[in-house]
Amino acid sequence: MPKGSCVCGDFTYELDGAPHTALICHCVPCQKSGGPNGSYDLIIKQDKVKKLAGKTKSFVRKGDSGKELAYDLCDNCGTTMWCTLEIIPGMLIVKAGTLDDPEYLEHEGRPVKELFTRNRPSWCCGLEGVEQREGA
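Just so we're aligned, residue 1 is where the sequence shown starts under UniProt numbering, counting upward by one.
Careful: at least some of the hints might be erroneous.
What the hints assert, rightly or not - The calculated DSS-like cross-link candidates involving lysine-lysine, where the alpha carbons are at most 27 Å apart (straight line), are:
1) 32 - 45
2) 51 - 32
3) 67 - 45
4) 113 - 50
5) 3 - 50
6) 51 - 3
7) 32 - 67
8) 32 - 57
9) 67 - 57
As the list claims (entries may be wrong) - For each label pair, taking beta carbons as the anchor points, the in silico distance ranges come out as:
10) 125 - 59: 27 to 37 Å
11) 90 - 125: 31 to 41 Å
12) 53 - 127: 16 to 26 Å
13) 101 - 47: 14 to 24 Å
14) 3 - 75: 12 to 22 Å
15) 100 - 35: 15 to 25 Å
16) 75 - 100: 13 to 23 Å
17) 9 - 35: 19 to 29 Å
18) 134 - 61: 34 to 44 Å
19) 112 - 3: 35 to 45 Å
Hints in this document: simulated from the structure, not taken from any laboratory. For every residue, glycine included, the Cβ atom is placed at its ideal position computed from N, Cα and C.
Using the sequences and the hints given, assemble the complete structure.
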């Protein structure tokens, strides 16, 4: 089972199953946390993610839809581990960069869509063969 961790290594987790989908998000909050080219995310059932060690702290914000998003960050270093969205209950949006084995992403985590492309910088090309959406 693939494992993941935060920058400092205090918080660790493992995935018990393949993600439902993978995507790149260019919304403004994802750009603020992941850089101008956005965030690489895996959407997986919440019960398929097992916390192994460490604590998280959370904060909640409203998305463009008016629905809530809750973010879980490492309590020590502040790495965003994942978020939950009110509009897709029972699922986690895991930050793919927190996975410890990049080889896993070659097989299970290829992005199938890009969201909020209207915010994507002009120098950042869309992924070939991937659905492009201006919003969510």
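Here is how each hint holds up against the structure:
1. 32 - 45: holds, 25 Å
2. 51 - 32: Judged against 27 Å, a Cα distance of about 25 Å means the pair holds.
3. 67 - 45: holds, 19 Å
4. 113 - 50: Holds: residue 113 and residue 50 sit about 26 Å apart, inside 27 Å.
5. 3 - 50: holds, 9 Å
6. 51 - 3: holds, 10 Å
7. 32 - 67: holds, 19 Å
8. 32 - 57: holds, 18 Å
9. 67 - 57: Answer holds: residue 67 to residue 57 is near 20 Å, not above 27 Å.
10. 125 - 59: 27 to 37 Å: holds, 32 Å
11. 90 - 125: 31 to 41 Å: For residue 125 against residue 90, whose Cβ atoms are near 34 Å apart, the range 31 to 41 Å holds.
12. 53 - 127: 16 to 26 Å: For residue 127 against residue 53, whose Cβ atoms are near 34 Å apart, the range 16 to 26 Å is violated.
13. 101 - 47: 14 to 24 Å: 21 Å Cβ-Cβ, so the 14 to 24 Å window holds.
14. 3 - 75: 12 to 22 Å: holds, 18 Å
15. 100 - 35: 15 to 25 Å: Distance hint for residue 100, residue 35 holds at roughly 20 Å.
16. 75 - 100: 13 to 23 Å: With Cβ atoms ~19 Å apart, the hint holds.
17. 9 - 35: 19 to 29 Å: Between residue 9 and residue 35, where Cβ atoms are some 22 Å apart, the hint holds.
18. 134 - 61: 34 to 44 Å: Given range 34 to 44 Å: violated, Cβ gap about 21 Å.
19. 112 - 3: 35 to 45 Å: The hinted range 35 to 45 Å is violated for residue 112 and residue 3, with Cβ atoms some 23 Å apart.
Going through the hint list in order, the structure does not satisfy hints 12, 18, 19.
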